[in-house]
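Engineer: Modelling step: build the complete structure from the supplied sequences, incorporating the hints.
2 protein chains.
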Amino acid sequence: MEKKPVISIIGGTGNLGTGLAKRLAVKGYKVILGSRSEEKAEKSAAELKRALGVDLIHGMQNQEAVRGGDLIILTVVQSAHEAALKSLKEDLQGKILVDATARIKFPNPKPPQPPSAPRRAQTLLGEGVRVVAAFQNVAAQSFADLEKELESDVLVCADDREAARQVIDIIEELGMQAYYAGDLDAANTVEGLTALLVNINKYNDIHHASIQVTGSE
Amino acid sequence: MEKKPVISIIGGTGNLGTGLAKRLAVKGYKVILGSRSEEKAEKSAAELKRALGVDLIHGMQNQEAVRGGDLIILTVVQSAHEAALKSLKEDLQGKILVDATARIKFPNPKPPQPPSAPRRAQTLLGEGVRVVAAFQNVAAQSFADLEKELESDVLVCADDREAARQVIDIIEELGMQAYYAGDLDAANTVEGLTALLVNINKYNDIHHASIQVTGSE
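Line by line, the protein sequences are chains A and B.
Numbered according to our numbering, the first sequence terminates at residue 199, and the numbering increases by one at each position without gaps.
Numbered according to our numbering, the second sequence terminates at residue 199, and the numbering increases by one at each position without gaps.
The hints are simulated quantities; they were obtained by calculation from the structure and are not laboratory data.
Mixed in with the good hints, there may be bad ones.
Chain copies aren't distinguished; within one or between two, either way the pair holds.
As a list, the in silico DSSO-like pairs of lysine-lysine whose alpha-carbon atoms are at most 30 Å apart [said to hold, decoys possible]:
1. K31 x K(-15)
2. K71 x K87
3. K68 x K92
4. K92 x K184
5. K22 x K(-15)
Structural biologist: Written out as structure tokens, the structure reads:
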């Protein structure tokens, strides 16, 4: 059996980060939760370990988390996106960065301006990092409850198809369907879809809206 | 019981137009198929009437179709969008126009430039027409086979919520879920989603990809 990659989650103490950490750890992945504050990261990791009864989750300061991980997932709030990338640029070289960022303007979400957040990340980080966009449209809350089946599909965008493939395999191991949906420019629409989901939650009798892909095989 | 609106479908002899006409007619709607060619419209209508055994579908030249309809659905090919709107502008005044247009560049679909096609339609037609974006993401082929349950949800965008409500009610009568997803600017993302679906069909083991909204009530 191939060795599972160590997965580090930057900005990992938020809803999406801790939810992903849980789902990954119960599938046997070693997970490093990263935060700007080492203390906060360690506290979150300790809580998750206690809740799950597994020893696979560790907390570190973001930079250490990147160094310790094979595959890095970025789940910082949108306002911290650029600063986080700049501070982690050197340590990210040679790795896959999964960027979950969706830029949403509240209270009236509009389609975001191109280039997409993951495209901005790729440009800032350079060719040494393979950026993959994923998780923009999932309802973070749905990850938290392990008893709950995950109902959302994940649209995955990347310039590098092989990097996308690796990320899709991991997502599918977590019990979700994942679809390659185009390059990092296409991620602009995936971000926009998050804005539509915010509207759908607001205007229809539905909570935690996400999407599934339908079709025939 | 309220009288059902007469629904005219402009560019109605294509896959989406004839599919919608079938689904509407079996629910008791009177449908006018419009085409630039009256002969072509009449031929399509006659075929559908024969296939369905109902007398509710008529074929007319586009302008006559608009005059005869209470609610107009625009399903012309994207290259004919602007010209069709210009030629029908006067006759559309006072009506609801459902614009199904999604601008897709082949062979490599990218997120389309704003403003959205339905926003362009609203600007061109003026305030006397209430434009509603819908049906951008449905696989036209899925409408044709009446035995087949419709698996795609419909995202509906409009500046006028009441017009959106009327369109949502009709879509739900056809057996689909419809969700109000924002104003006509938001439709730019819905168009982009069509491009993502083209990519999803191309790169994954799936045909006629569309989307469903998931969530909890």
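Engineer: Each hint: holds or not?
Structural biologist: Results for each hint:
no. : hint         : result
1   : K31 x K(-15) : within (21 Å within a copy, 62 Å between copies)
2   : K71 x K87    : within (26 Å within a copy, 34 Å between copies)
3   : K68 x K92    : both (26 Å within a copy, 27 Å between copies)
4   : K92 x K184   : both (14 Å within a copy, 28 Å between copies)
5   : K22 x K(-15) : within (29 Å within a copy, 62 Å between copies)
Hint compliance for this structure: no hint is broken.
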